[in-house]
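*Asks:* Here are the chains, one letter per residue:
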Amino acid sequence: MVRAVWLLLLGLGVVLAVMTARTAPMVAPEVLGRTAPLFALGERVGQNLRAALSALADRRDWRSEALRLRAETQALKQRVIQLELENARLRRVLKVRETQAPAVVAVAPVIAEDPSGLFRRLVLGLGAEAGLAVGMPVTSAEGLVGVILEVTPRTAVVRTVVDPESAVGVRPERGPGRGIAYGRPPDSLRVRFPREVRVAEGDLLVTGAIGGLFPEGIPVGRVVRVEPPGPGALVYWVWARPAARFSLLEEVVVLRRL
Amino acid sequence: MAAVGLFLLTVFLASLLAGLLPDGLSPPDFWFLFVAALTPRVRPALALVLAFGVGLFADLAGGGYLGLMAVGLLMAAYAILGLSTWLHPEEILGRAAILAGAYLAKWFGVFLVVYVLGLFLVGPLDFAGAILGEALLTALAAPFYLRLAEAILGDADHAG
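Protein chains in written order, with our numbering: chain S, 13 to 270; chain A, 22 to 181.
Rather than coming from a laboratory, the hints here were simulated on the basis of the structure. Note that the structure is a prediction, hence the values are computed from the model and not measured. For each residue, glycine too, the CB sits at the ideal point set by N, CA and C. Be aware that a few hints might be false.
What follows is a list of derived Cβ distance ranges for each label pair [unchecked claim]:
#: 1; chain 1: S; residue 1: D70; chain 2: A; residue 2: F28; range: 30 to 38 Å
#: 2; chain 1: S; residue 1: S76; chain 2: A; residue 2: G26; range: 40 to 48 Å
#: 3; chain 1: S; residue 1: R82; chain 2: A; residue 2: A172; range: 46 to 54 Å
Isolated chain S, as found in the complex (with noise of 0.2 Å):
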């Protein structure tokens, strides 16, 4: 029995193929225009469904678009940031060329203090391989720092103006006479003076001995103190206060030996 009706259904299936096969794309549009409204629904809501999945997928993008934008201008910000210190140091370079000494051997920054508290040294990231030897003095855009004392091929060691072993000569900006200044750490210098030179609190001293380690005119310190001489004294001592401050420096320039 329900072989039978399958034949039957199966050839009935076929002869209706084949009989109307020629009339069909005709008879489709029309059938098609009466079945359509049941499949409008779910078609439209499938379509909308697809939009909106397509749409949620595009706001992804903008997120990643967004993100990836915004990691691009923190890139650059940071670029930014970098090559202002960078213009800086620069300017400090050009400052200490201008108003120093052209001799300029390096740019080297300060990778450590002297922990002791004993000395005033400092420990530079460049060395020997720099270019840096010993005695080369060593100054900032704000004054003198001090001599390299030793060098390794990476690093070298500045003794600082305030170091208890440091003697530099030195003179008044604005008058005649020279003075030899001691480092009095942690950040003084002691100075003496022959007693016919007039120094006055306020004076800017700068470097100045005749065939001294330094370039001429590198400020060195501030007088804060001057101590009345004794009598019958030949010298007399004054107190100022170093033009470079040692704990903010994070580079230093290197000038030529002399």
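Given chain S, work out where chain A should sit, using these hints.
*Replies:* Showing chain A alone in chain S's frame:
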């Protein structure tokens, strides 16, 4: 009445998936799933007639040649009836095997009509991609659809 409800739901699901899926991807064959759900629940002869009728409706609604899906779904229903007598439709694997066999039978029926009509402008293998895509999506949709059909129509009579 429940069968009519399932039919309308099938119409909705078929059109929903057709609108939802991107172009070039064949939606699952919900007509086949409808026949697969209905066949074990009615008398065999009626199942064949219903499968033929649903196929005819699909042909008309699809704007294709009359008889393509009609014969295809008729073959599918017949395969379900036949395979159910010597496989175990109450088990998942048995049901899956019956569905797979019926699906192949459907395409056999379709290609039979295509052959009779001389419509092969290109070889059957050229449709392989579309058929495989439809088969995959139909297989994915089958568990959910058949569970839904069971909820609407009640348990199947596996006696065939």
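*Asks:* For the pair R82(S) and A172(A), does the Cβ-Cβ distance stay inside 46 to 54 Å?
*Replies:* About 50 Å separates the Cβ atoms of R82(S) and A172(A), which means 46 to 54 Å holds.
*Asks:* Okay, S76(S) versus G26(A) on CB: inside 40 to 48 Å?
*Replies:* 44 Å, holds
*Asks:* Has the hinted range 30 to 38 Å been met by the Cβ atoms of D70(S) and F28(A)?
*Replies:* 37 Å, holds
Going down the numbered hints, you'll see the structure goes against none, and every one checks out.
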